Amino acid sequence: MANRYRFYFSRDLPAAFISHLDMTRLFERLFRRLDIKLKFTQGFNPHPKIVFILPMPVGLCSKEEIFEVECEQELSSDIIDSLNKILPEGLKMLKVELATDKIQVSDMYYQCFVEAEEEFCKYFDEFMKKSPIINKEKEGKVTVKHVWNFLLSYECKKVEGNIKISFHINVVNGSYVKPEDILREFSQEYNIECRIVRVERVKVGYKRVI
Amino acid sequence: MIVKDKVFKLLYDVEKPGRYIGNEINIVKKEPEKVDIRFAICFPDVYEIGMSNLGLKILYHLLNEREDVYCERAFMPWVDMQKKMQKEGMKLFSLETFTELDEFDIIGFSLSYEMSYTNVLKMLYLCGLPLESKKREKGMPIVIAGGPCTYNPEPLWEFIDVFVIGEGEEVILEIIDLYKKYKFSNMAKEEFLHECAAIEGCYVPLLYNVGYNPDGTIKSITPVSENVPPKVRKRIVKDLDTSYFPTKMITPLIEVVHDRITLEIFRGCGRGCRFCQAGVIYRPVRFRSAEKVVQYAKELVENCGCNEISLVSLSTSDYPNIDEIAREILKFAEDKKVNISLPSLRLDSTSLDLLKEVEKVRKPTLTFAPEAGTQRLRDVINKNIKEEDIYSTVKLAFERGFQNIKLYFMLGLPLEKDEDIIGIYTIAKNIREIYKDIGLKKKVRITVSTSFFVPKPHTPFQWEAQDSIENMQRKMKLLKENLKRVKDVEYNWHDFYLSKLEAVLSRGDRKLSRVIKRAVDLGCQFDDWGEFFDFSRWEKAFWLENIDWRFYSDRKRDFDEVLPWDIIDTGVTKEFLKKECLWAYESKTTSSCFERCTGCGVASFRGGICIGK
Ligand code: SF4
Numbered sequence: 001m002a003n004r005y006r007f008y009f010s011r012d013l014p015a016a017f018i019s020h021l022d023m024t025r026l027f028e029r030l031f032r033r034l035d036i037k038l039k040f041t042q043g044f045n046p047h048p049k050i051v052f053i054l055p056m057p058v059g060l061c062s063k064e065e066i067f068e069v070e071c072e073q074e075l076s077s078d079i080i081d082s083l084n085k086i087l088p089e090g091l092k093m094l095k096v097e098l099a100t101d102k103i104q105v106s107d108m109y110y111q112c113f114v115e116a117e118e119e120f121c122k123y124f125d126e127f128m129k130k131s132p133i134i135n136k137e138k139e140g141k142v143t144v145k146h147v148w149n150f151l152l153s154y155e156c157k158k159v160e161g162n163i164k165i166s167f168h169i170n171v172v173n174g175s176y177v178k179p180e181d182i183l184r185e186f187s188q189e190y191n192i193e194c195r196i197v198r199v200e201r202v203k204v205g206y207k208r209v210i
Numbered sequence: 001m002i003v004k005d006k007v008f009k010l011l012y013d014v015e016k017p018g019r020y021i022g023n024e025i026n027i028v029k030k031e032p033e034k035v036d037i038r039f040a041i042c043f044p045d046v047y048e049i050g051m052s053n054l055g056l057k058i059l060y061h062l063l064n065e066r067e068d069v070y071c072e073r074a075f076m077p078w079v080d081m082q083k084k085m086q087k088e089g090m091k092l093f094s095l096e097t098f099t100e101l102d103e104f105d106i107i108g109f110s111l112s113y114e115m116s117y118t119n120v121l122k123m124l125y126l127c128g129l130p131l132e133s134k135k136r137e138k139g140m141p142i143v144i145a146g147g148p149c150t151y152n153p154e155p156l157w158e159f160i161d162v163f164v165i166g167e168g169e170e171v172i173l174e175i176i177d178l179y180k181k182y183k184f185s186n187m188a189k190e191e192f193l194h195e196c197a198a199i200e201g202c203y204v205p206l207l208y209n210v211g212y213n214p215d216g217t218i219k220s221i222t223p224v225s226e227n228v229p230p231k232v233r234k235r236i237v238k239d240l241d242t243s244y245f246p247t248k249m250i251t252p253l254i255e256v257v258h259d260r261i262t263l264e265i266f267r268g269c270g271r272g273c274r275f276c277q278a279g280v281i282y283r284p285v286r287f288r289s290a291e292k293v294v295q296y297a298k299e300l301v302e303n304c305g306c307n308e309i310s311l312v313s314l315s316t317s318d319y320p321n322i323d324e325i326a327r328e329i330l331k332f333a334e335d336k337k338v339n340i341s342l343p344s345l346r347l348d349s350t351s352l353d354l355l356k357e358v359e360k361v362r363k364p365t366l367t368f369a370p371e372a373g374t375q376r377l378r379d380v381i382n383k384n385i386k387e388e389d390i391y392s393t394v395k396l397a398f399e400r401g402f403q404n405i406k407l408y409f410m411l412g413l414p415l416e417k418d419e420d421i422i423g424i425y426t427i428a429k430n431i432r433e434i435y436k437d438i439g440l441k442k443k444v445r446i447t448v449s450t451s452f453f454v455p456k457p458h459t460p461f462q463w464e465a466q467d468s469i470e471n472m473q474r475k476m477k478l479l480k481e482n483l484k485r486v487k488d489v490e491y492n493w494h495d496f497y498l499s500k501l502e503a504v505l506s507r508g509d510r511k512l513s514r515v516i517k518r519a520v521d522l523g524c525q526f527d528d529w530g531e532f533f534d535f536s537r538w539e540k541a542f543w544l545e546n547i548d549w550r551f552y553s554d555r556k557r558d559f560d561e562v563l564p565w566d567i568i569d570t571g572v573t574k575e576f577l578k579k580e581c582l583w584a585y586e587s588k589t590t591s592s593c594f595e596r597c598t599g600c601g602v603a604s605f606r607g608g609i610c611i612g613k
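Chains as they are written, first to last, in full-length UniProt numbering: chain E, 1 to 210; chain P, 1 to 613.
No lab work stands behind these hints, which were simulated from the structure alone. A quick note: this is a predicted structure, and the numbers were derived from the prediction, not measured. Check each hint, because a few of them may be wrong.
[Said to hold, decoys possible] Here are the simulated DSS-like cross-link-like pairs (lysine-lysine), alpha carbons at most 30 Å apart as the crow flies:
1. E:K178 with P:K16
2. P:K9 with E:K145
3. E:K92 with P:K34
[Claimed, not checked] Derived, one-sided and incomplete: chain E residues facing chain P with beta-carbon distance under 10 Å:
4. R33
5. E89
6. S166
Even for Gly, the Cβ is constructed at its ideal location relative to N, Cα and C.
Same shape as in the complex, but just chain P (with noise of 0.2 Å):
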């Protein structure tokens, strides 16, 4: 029997039978025989969760505007689906023509978020493959993986063939071009892989040798030849209005996460936050025209149907005349009564009248993220948020009809002292105050958010520790009591070992992947659902590897110490970040990158808002 009508037998019984259809909107349909190439496209999480991903759906158009490659797409299956096809004996298949994902050519991943990382593993397991790059042989899929996390790539170094480092829209394309080489010819793998090693965004693990210290730190990053660079570049886009961007968009048929239709006004981010990896990995700023914006604007709501269009960025507050394009998009928007969404805006009055304007169907919920409860420490994380100016703003909000608050914050930053952490009840409580004193009668809700700081690789506080369990315990529970006294008031907190988990894997080494896939074995996978993370496994499989995991959590390393990822360049220099770490110990700010050019390095790149500054 075929795949597709196995596949179908199936979902009579399990939880959301529509995400394992496919044939959504816009979805490609191609003859697989006439293709050169198949490229699977892999989420390591279920279909709405991946579905959400804009990099995946621009990848996924992209690919397919090529003639000679057909590009589908694979989601994790959730529990109750594995345990069906396990019984069937059937393997993980790609929802645009149900083959399963051994036959294709490249199986591409998408790593967002270090917590998938086990997810990967158990994709590949249910792909049928070998995990080990090294025992996948010609014939087998090439395996590579894309997204933020391999900026550290080395936690997967052992099952990945290669990593693309940054911008995946150039890559690929040539990585694609050298398989077709290989595919048709009598190359070797190891062949191939070397000349992988020497496309710019290219790491090719399995090039390289790492050698350690006594200690447990690592010694040395070494190419195995002399023709493999000695560091990896990422690769950028420099311009976003030339590059690609698919209008004609995939559209799911069943309610994903983010159900609407995303478009990119700007990538990168010029503020600099010190805990922030997206800060720094997506450098340089680049806009996208005004122009484009509208007219892209317009063709997805066309194409798409959806009733609500997000213009998306890391801080839609630094696109210059935000306002005039998000008023320009409301006059076809509106009378088809599809919604705009700004999200990351930052809040101020002007703002506000926007939100008003364009929010039309949302709820209206404020947010405001200034991560440290005291002037000094937003200082330090150079997060430029004024208490006042989020006073200002919630009395406006409240003055228009705004019940909902939501604030977010940071617990166990560097040179954090618990008068920081009673500051985040100062904030909630004047907060309060502010709704108090206007004497409304409808009820406000203040909703107070945290997380725990999680130092991550390419940051200025790539080098500090983080808080051990216990004191973040011990933190949390401080600021509980206080905002006990606080009405209307309402407390979350991010799971301590999730935390833990995230910052061990996201500075961890080459050690780890023997850890993640024993995690694997141990029953590990879904560890950003909170019914499925499980930190006692974690426990045992690190154990069981003879590995002490606060080596990579709750350690301060020294600043000339080697770092797993010093491997990956990303044009911001280590000079740099070492600065901006020593001028965090002494609370001092360093400005935007829209004032001035405070020379992180990137400009190298000659890209964006750098050029002329």
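Just chain E, same shape as in the assembly (with noise of 0.2 Å):
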């Protein structure tokens, strides 16, 4: 019988910049490490079952994101101090718990610092206020955004040298604007630099569904 556990971290520095990817390939590594059976899909190719809630860009801190996975045996409370004394740098495991619901994500709270002059904020709030769209494109197709529809609210203010730019931003349906295109898209248009310096995921909101 398969157990799905639900796993919650940190990620900092330098882990942040560890791709999707590679996440799911680092945690297949420490587990085996740990002597840990997971359940593996089957076919040609099989790889463990290793579900993270939220994709994570490269480059994105979190104070705390969750992963769920299936094994093929039950897991002793000490796992989280067995991860942690392998983890590399950066990623830290929360705790640990059966998943018996499932979950989705409905809000989320971002911190991103940037380099910018002075006036940043001001033009920023400018840009913000004229109800700004982005437009992505990915294999040919192009998705318009309303940042409106995704944004609760936001701030920008000056903090020891850095400009700190705070975002509330709702889940729709599944989809969201992420905080580096809005920032791509205003410093495009009004032509300021802007060199981000951290993005930080502060907290996610969590529904939980049967």
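Join the two chains, each given in its own frame, into one complex according to the hints.
Shown next, in the form of structure tokens:
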């Protein structure tokens, strides 16, 4: 009987620069080192069923993320400690629970720190008032997103030499806008160079569904 | 701001930032202030390629075993990162502690292929160091280099202080001991280099003079003083079982080219293909015992967690009882969902069964390297593969569900005739027919790949001319036209100009160091990467230095010509190479070391299978 476990973890630099695919591979390896039997898919190229609830773009730090994994065995409570002993710097396991329900992301809080000119916030506020649109092209398909359809609130202010922009983003039907995209759109339209020095997901809200 | 923070700030908009973060599984962490010697292993290519190199990982862990040494790594940054570093005025840094490389005591380059020579220079530039050994004073890092390319060190002679010839496991420790003496005394750099030259396996190019004949060939290579050895003899590890092998091996966080654990099961090759440099320089064959292989495999799986373990060597089938070992490893690997791969397995019905059993994960592809299209030419190169064997294996393979067949050949081999090229077509055609006769429904894919013969130093063909570009083109077209007539065949050929440059650099002399520097100044880097390689820039570099590159690639040498690499003693005698070359002209084959010793000379090393023969 396979059990589905839900792991909570945080991610900071330098591990934040590991890509989504590499994160999956990394955890597969860590579980193998701990001799924990995961459930694998069938077929020619079996891979373990490790699913991250939210994809993490390269460079994103986060206070709390979740992945779920199916195990062929029951996990003991010291699994968190064992993982933390071998995790690379930047990753930290927080807790684990048996997943009996399903969860969905409802909303997210982000903080972006950028290096930019003095007047950044003034222009950014102006930009945000104009109900901006993000056009994204992927494999020939263009998706158009109205920022305010997803954004609940934001705040832009100066802190210790950098600009800090906080976003509260709503997830609508599984879709959302990325703060990096908003910033890129802004810097293109206003021709203002803004160099991201840190992007962080500070809090994620979940809905439990049966 | 400290280097680490500076680096991380650049990573938000470079390709694959994971290349630059270090922090891998089993990385070695030390306090730099607490060691005597800081050593930087540099690989002149991107992270994903460098971290696939087993030699680099062995040396990394070996050096870090020493308490007085901290060995760190650096790779060639991709062009986007280079630009950003330049803009910020940053130097090349190590991945362990993000220390700029000019702060290290020793910088060691791994030279795996000639096409990375420009990257070596580029990395020295990125370190902010003078390129030439002569201009680097005491207090600046000593630059050393090892790896297969050092068997002809001359093209890089100006830039490297000390070349390590052969297997580095022991030499490197001797160099470090000497370096310690040098660092903590008022010993001059010149004196250090002289003492280095006394270590067996160390070639210090500054301590040799090269004289030339009017026709541009070499007249003499002479040591500058009596206590510098007239020849540099390669170093080997006599016994693999007692030599160092790390089982807590550093394991990348991002996907690298060979994303698996590699375990070396033996060193050397006893087959003696006449074009193959590895077959000469890694002699003699030394097996690792079955117990050690199985034990290491177990520890590696436990410590690295990878989903694949690869048992590597130059010719896997020559390992005694390879199937027993593979099955032994399978016992614990299968349970942990770890796949075993067996590269360079000679394919026959027994190995097919083995493959089926152990390589469960891989898409079934069969690879053959007959190298030449006819038996006559295969005898010339001493490649012992019979056409009938290919056909019978292919038939078995088709019946067992293999659908992809890959065939590797070489064009432009010495004594090649057009009928040998047609022979390649014949093999492809016959394989396709076997498939048709069996009457399977699934589609088959036959891939034919050809590379161009590159005459390599220390091989029986070291004196041969390489085909001209025009000839290469003609031969490729001839084969292409013929292969078009066979269904389900795909044909790939290796870039002519890349093979040309490889031929030039691998048999180059000291004059090429200036050309390489010019090439770098003209913007050459990542020459091994199709999108960057630009032969016209190289042509310009040669033109500026007033050197005809054809002199190095397209010219046949006399047996008595002094060759730039004659300074290096591989243990295999020149007489043996010459005899092999003459036998090639007569299509006479030489038996493998496993059947009987043919007296290549390497027995003088008293290691491996030569003993008792
Ligand atoms: S000495 Fe003999 S057995 Fe040893 S490598 Fe040479 S030919 Fe082979």
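Hints, one by one, checked against the model:
1. E:K178 with P:K16: Since the Cα atoms of E:K178 and P:K16 sit roughly 20 Å apart, the hinted pair holds (cutoff 30 Å).
2. P:K9 with E:K145: 29 Å, holds
3. E:K92 with P:K34: 29 Å, holds
4. R33: Given a least distance of 4 Å, the restraint on E:R33 holds.
5. E89: This interface hint holds because 5 Å falls under the 10 Å limit.
6. S166: 18 Å, violated
The structure fails hint 6 only (numbered hints given earlier).
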